[in-house]
Amino acid sequence: MIPATFDYTRPASVDDAVRALSDAGEDAKLLAGGQSLMPLLRLRLAFPDALIDLGRVDALREIRDEGDTLLVGAMATHHQVIRDPLVRAHLPLLARAAETVADPAVRHRGTFGGSLVHADPAGDLPAVALALDAVFLVRSVRGEREIRASEFFVDWMTSAMEPDELLVGVRMPKLGSGWGVHYEKFHRTAQAWAIVGVACAVRRDGDVVEDARVALTNMGPVPVRAGGVENAVRGRPVSEGTFRSAAEHATEGTEPPSDLHGSAEYRSHLATVLTARALTACTA
Amino acid sequence: MELDHDFTVPVPVDQAWPVLLDVERVATCMPGATLDSAEGDEYKGRLKVKVGAMTITYRGTARIVSADESSRTVTLEASGKEARGSGTASSTVQAKLHEEDGTTRVTVHTKLNVTGRPAQFGRNILAEVGAKLIARFAKALAEELESSEESPAGKKSDGKSDVEKDAPAKASAPAKQKDKPAKKETSKKPAKTETSEKPAESKASEKPAGPKSSEKPAEPEASEETPKPEAREESAKPKAQDKPAKTEKRDESAEPVKRERPLRVAREEDAIDMLELAGPSVAKRAAPAVGGLVAVLVAIRFVTRRRRGRRKR
Amino acid sequence: MTVPEIGAPRRRTEDTRLLTGRTRWTENLTPAGTLHMAFLRSPHAHAKLTRVDTSQAATHPGVVAVFSGADLADEQGSLPCAWIVTDDMKHPDHPPMGVHEVRYVGEPVACVVARDRYTAVDALEKIDVDYEPLPAVVDMEAAVAEGADLVHHDLGTNKSYTWVYENGDVEAALRDAPVVIEREYVQQRLIPSAMEPRSVLCVPEGDEFTLYSATQIPHILRLMLAVVTGIAEHRLRVVAPDVGGGFGSKLQVYGEEVIALLLARRLGRPVKWTETRSEGNMTVHHGRDQIQRLTLAAERDGRIRGLKVDLLADMGAYLMIVTPGIPLLGAFMFNGIYKMDAYSFTCTGVFTTKTPTDAYRGAGRPEATYAIERLMDELANELGIDPIEVRRRNWIAHEEFPYETIAGLTYDSGNYEAATDKALELFEYDKLRAEQADRRDRRDPVQLGIGVSTFTEMCGLAPSRVLGSLSYGAGGWEHASVRVLPTGKVEVITGSSPHGQGHETAWAQIAADRLGVPFEDVRVLHGDTVIAPKGMDTYGSRSLAVGGVALSAACGKVVEKARTVAAHLLEAAEQDLEFRDGRFSVRGVHEEGTTLQEVAQAAFTAHDLPDGLEPSLDADATFDPDNFSFPHGTHLCAAEVDTETGMVKLRKYVAVDDVGKVVNPLIVEGQVHGGLAQGIAQALFEEAVYDADGNLTTTTLADYLVPSAADLPTFTTDRTETPATSNPLGVKGVGEAGTIASTPAVVNAIVDALRPHGVRDVPMPCTPERVWRALRGEAGAR
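Chains as they are written, first to last, in this note's numbering: chain A, 1 to 284; chain B, 1 to 313; chain C, 1 to 782.
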């Protein structure tokens with residue numbers, strides 16, 4: 001389909017971008033990698049008055065070591081995230097999950113920040129951000145604020161950001177040593193969305209699970225942190241039995257959708273099976 | 001898609017009944033709905049649904065097709081066309097009142113039929129949005145009916161105090177709607193509704209509210225206490241002037257009608273994006289204002305209040 | 001001097017331009033002054049059009065004109081159906097744009113013509129249409145029940161036709177046989193998904209028109225457009241420039257093509273339209289969509305007694321060019337490669353409020369092959385015999401050819417034993433069976449299944465007499481011309497119309513081989529009714545088996561004419577000349593000779609030609625075989641099925657195909673790979689899904705899952721070579737073989753893996769959820 005008319009600007013700095021966004025009013029959209037927004041434009045499901053293209057705001061592409069945390073710029077592409085030595089060293093779960101996003105073309109254009117702001121519960125990275133206790137740095141002409149991942153995803157395709165706010169970057173605590181990570185993505189074709197995904201990190205101390213982070217993709221209108229699973233494995237011996245029984249908690253607090261790709265019932269079943277597998281993979 | 005909702009309001013059936021017959025009052029319960037005009041018993045209006053980056057606006061009509069006082073059943077039909085696409089939406093809403101010990105249990109059965117782009121995806125936009133929309137409608141209807149306690153039958157619910165109105169709203173909120181899983185697909189999602197309802201209640205009490213807005217203790221009020229981004233309000237004005245083409249488009253959207261009755265709700269800006277209501281808690285979204293002139297803020301707050309006030313309906 | 005060109009694995013010369021897109025796709029052609037069309041399409045599955053108001057759109061800046069179906073009612077005619085399968089077939093009118101009623105989501109109701117494409121689409125928003133919704137008819141079984149809502153009210157029924165074929169006493173076989181297997185399989189609806197969307201450009205020049213279209217059938221299209229619009233055939237030129245795939249979907253006369261022609265005539269300017277993917281998913285004709293009720297009767301030793309086939313075939317809302325005939329192409333194939341005593345076939349074509357169906361890669365034969373190959377596995381299981389063995393007991397032995405089948409065809413050649421033996425060896429069948437047993441013993445959550453498909457197909461769709469006996473509206477011959485230019489370079493003109501198959505390479509190889517000229521000296525021209533005035537186009541794996549043979553014959557005629565000229569030049573008798581490597585020489589005196597190039601020059605100057613011989617060196621030939629060709633093969637698939645999640649992973653796939661003589665093994669390999677991908681896609685991934693209201697919910701490739709290389713195993717392919725006897729090249733055709741063979745191989749493998757769990761079928765596509773539900777004992781699960 002052919003998109004409807006919109007104004008187009010391409011600022012070169014974050015300040016210019018937030019000003020342009022503010023000036024353009026409520027029906028403006030920021031264009032990052034365009035891998036979600038462009039299809040909506042082309043299908044005429046979105047009719048923004050203005051598009052503000054962030055493609056030239058190079059400052060937003062930086063991935064920075066902040067000591068205990070990494071700051072991943074919102075415009076870092078998936079490809080960049082996958083290859084980045086800092087991400088690979090300190091946030092391997094993110095690199096692992098980003099590798100599963102769509103196909104190579106999408107990963108080269110699509111951005112980390114863009115897929116988070118789109119807040120699609122079927123996207124892979126929202127659950128990862130949730131599991132990693134990410135903090136979202138957003139900016140508008142009114143200033144900057146931080147939003148915790150647990151409060152960022154508020155509803156189906158809806159984030160806590162105001163229409164005049166721009167995501168600058170995402171700060172994530174380094175995982176540190178002793179963690180095993182895994183992103184278990186269940187999808188029918190390589191480029192398809194996850195029917196269910198499990199982002200998982202487990203820290204073991206010898207034969208005991210010291211800590212765990214588990215979050216689910218596409219098990220509700222927002223990504224779901226599987227706190228029940230985390231609690232059920234902490235302090236328990238590393239064993240398939242532990243993981244299987246802990247995974248029984250995976251569906252707590254979920255509201256899986258029923259759609260062409262899977263019924264809610266099937267998704268619930270998958271969440272349980274895949275959570276056990278992800279926990280196992282993290283400790284393998 | 002068929003949806004069922006069920007709730008109880010602490011007013012007698014005789015008091016609730018006239019409210020159901022008042023299309024203007026019932027229509028205001030639909031989030032995102034705007035009535036433009038009325039001709040005979042047919043009302044023209046719009047429904048704007050906004051989900052993330054997606055926006056779908058319908059223009060259409062609504063009317064009561066049957067009202068059976070003996071069985072206390074009202075059937076309302078609404079249908080519309082996409083303003084910017086070829087799709088259509090139509091719904092039949094049947095509300096039935098049941099007397100239960102001086103209170104009224106209301107069952108609402110909705111048939112929703114959507115065509116066009118929103119119906120052409122495997123990921124069920126309808127299930128995500130439609131069910132939520134109807135759930136919001138049912139909730140607002142519950143509140144509207146409760147408010148009838150203060151407004152005698154047949155009389156518009158003007159001029160009642162916030163206190164009078166807030167109390168039942170709060171009391172009614174928990175567990176008013178219950179799922180009927182028997183129906184196919186989705187009915188509604190308890191957890192979701194719960195999260196979106198909570199902030200609404202907490203806010204209701206803060207509400208300043210003019211006579212119109214008092215009809216419904218809806219949620220966005222809290223935002224009035226929060227300085228809103230000045231940018232949006234500022235831009236609203238220049239947009240109308242700088243972009244004649246777009247303004248023109250908007251003007252065309254007003255349906256030409258032969259005989260218009262004044263309506264309580266009849267302004268373009270009133271269209272609500274549904275997720276603004278249903279989704280994020282306003283408290284969560286409230287941004288700390290940094291910078292900005294106090295004078296400007298005051299002015300903007302005034303504008304905001306007016307806009308928000310209207311939006312609520 | 002030269003290597004034989006036929007059989008050489010040449011890389012395709014057309015690929016550079018096709019793969020880079022720097023070529024003549026229709027969308028790339030935009031003559032000065034071109035206007036752009038956009039179509040408003042029905043969002044309803046079924047509705048009356050009560051009002052179509054185009055006035056607002058007509059005044060939109062940049063819009064040149066807007067037409068509703070009613071505006072064009074007098075001239076748009078009805079889209080053609082060329083296959084009236086029975087005398088009493090119900091055949092509703094099919095206006096290119098809806099006038100009074102629309103019957104599927106996506107049916108055009110109005111058209112905007114504007115100066116650019118954006119404006120045209122913008123203006124669509126301003127067309128106001130009132131629809132009065134009518135009941136959607138989405139379920140075939142409900143559609144044929146008493147009192148069903150009707151798709152076409154005036155027809156009084158949703159049944160288009162019932163077509164019957166019977167040979168032998170099936171009822172007796174079913175009654176008497178000790179083993180009777182009854183099954184119902186559903187061929188889901190598929191969307192062809194060619195890489196290039198449909199695109200059409202019509203350029204008027206006075207009262208003549210050149211229509212460029214992404215079509216498989218420029219010749220048929222020209223004829224049909226002339227018939228539909230009344231524009232004289234000789235005033236109409238149709239060009240299929242480079243075309244990016246079709247899979248049958250571009251074997252069609254589409255409403256948009258008719259409208260482009262009519263509006264170019266009305267407006268006197270070039271008019272163009274290219275569909276979007278989501279528009280195409282709704283409106284390109286769909287494929288398959290059958291409910292198959294099957295009964296197989298057999299002896300205890302596995303020998304088949306009889307087969308009864310009862311089909312409901314979804315026509316969609318209208319009959320398009322060969323819609324009703326597609327399931328009937330399967331009528332001759334349900335018996336597969338097997339001998340049996342009795343066979344009956346009944347097919348009822350059913351109207352629904354869905355996109356019309358028509359040819360899709362395989363067209364009728366994949367449906368039939370799926371049914372019989374699934375049944376053979378069921379029979380093997382019923383009798384406790386290995387599925388290979390039950391096939392051996394029934395198939396036609398290689399010494400029995402030619403063999404007249406129960407379905408009335410004569411299979412000219414074949415060697416099922418050879419193909420099967422080769423496949424078993426490559427597959428390491430016994431080893432995988434051992435692993436399967438081991439996994440079963442260990443109760444491994446991932447079970448292994450082995451699927452067999454020993455298939456044949458009828459292709460090289462040609463024999464004009466046979467097509468005539470089936471009431472098909474045209475013949476099936478093919479034409480070729482060969483021109484040896486004065487410099488000795490060669491132009492080959494073919495009436496087949498490639499859309500990705502590699503004709504330019506393969507045809508050049510045939511000509512180079514036959515004429516003894518360098519491959520590089522041959523150019524292949526096609527796809528333009530002025531350049532290639534005669535032809536029947538490309539579909540049904542017919543290009544090589546019919547068109548390639550015509551080319552070979554034309555080359556033979558050129559050589560014969562050249563021989564006459566050469567004999568004259570060499571002052572020798574024709575019968576004393578031998579022709580080798582492009583040179584005529586007197587037998588035994590090799591130094592004395594003349595090359596084809598020299599002959600061509602002499603024929604051009606005509607200074608010294610034999611009396612009565614026409615100047616120039618060229619020839620035409622038309623070929624119309626007297627039988628189909630019958631490629632066959634054995635495909636084996638190993639699938640791992642995760643019993644916890646239902647996920648299916650293909651572990652190994654071996655395809656041994658016998659496509660007869662091969663012109664270019666690289667092209668054959670490519671056709672097999674692509675065909676396998678498409679057949680596997682039906683088994684595992686693809687399905688056009690309509691909801692209960694008749695909305696198509698798979699309008700994008702995010703929902704209609706076309707697999708990529710990442711989703712498929714590495715294929716092991718090999719060939720046996722049993723030449724066809726129905727044509728002098730011995731070729732059979734390979735375009736559809738992979739698609740036809742692979743679907744049952746995959747599903748057989750899945751079912752085989754799950755048999756110990758009591759599963760005997762999983763509906764296609766075998767999604768993980770369906771497999772999971774089948775494991776839970778829920779039949780026919782979503």
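Read the hints as simulated data drawn from the structure, not as lab findings.
Note that the Cβ used here is the ideal one computed from N, Cα and C, for glycine as well.
One or more hints might be untrue.
[What the hints assert, rightly or not] The calculated lysine-lysine pairs, modelled on BS3-like cross-linking and capped at a C-alpha distance of 30 Å, are:
1. C:K422 to B:K48
2. B:K111 to B:K48
3. C:K48 to C:K422
4. C:K561 to C:K534
5. B:K111 to C:K649
6. C:K489 to C:K561
[To be verified] Partial list, derived from the structure: chain A residues whose beta carbon lies under 8 Å from chain C:
7. A4
8. Y8
9. Q191
10. V208
11. L270
Now the hints, each set against the structure:
no. : hint             : result
1   : C:K422 to B:K48  : violated (64 Å)
2   : B:K111 to B:K48  : holds (19 Å)
3   : C:K48 to C:K422  : violated (59 Å)
4   : C:K561 to C:K534 : holds (22 Å)
5   : B:K111 to C:K649 : violated (41 Å)
6   : C:K489 to C:K561 : holds (16 Å)
7   : A4               : holds (7 Å)
8   : Y8               : violated (14 Å)
9   : Q191             : holds (7 Å)
10  : V208             : violated (26 Å)
11  : L270             : holds (6 Å)
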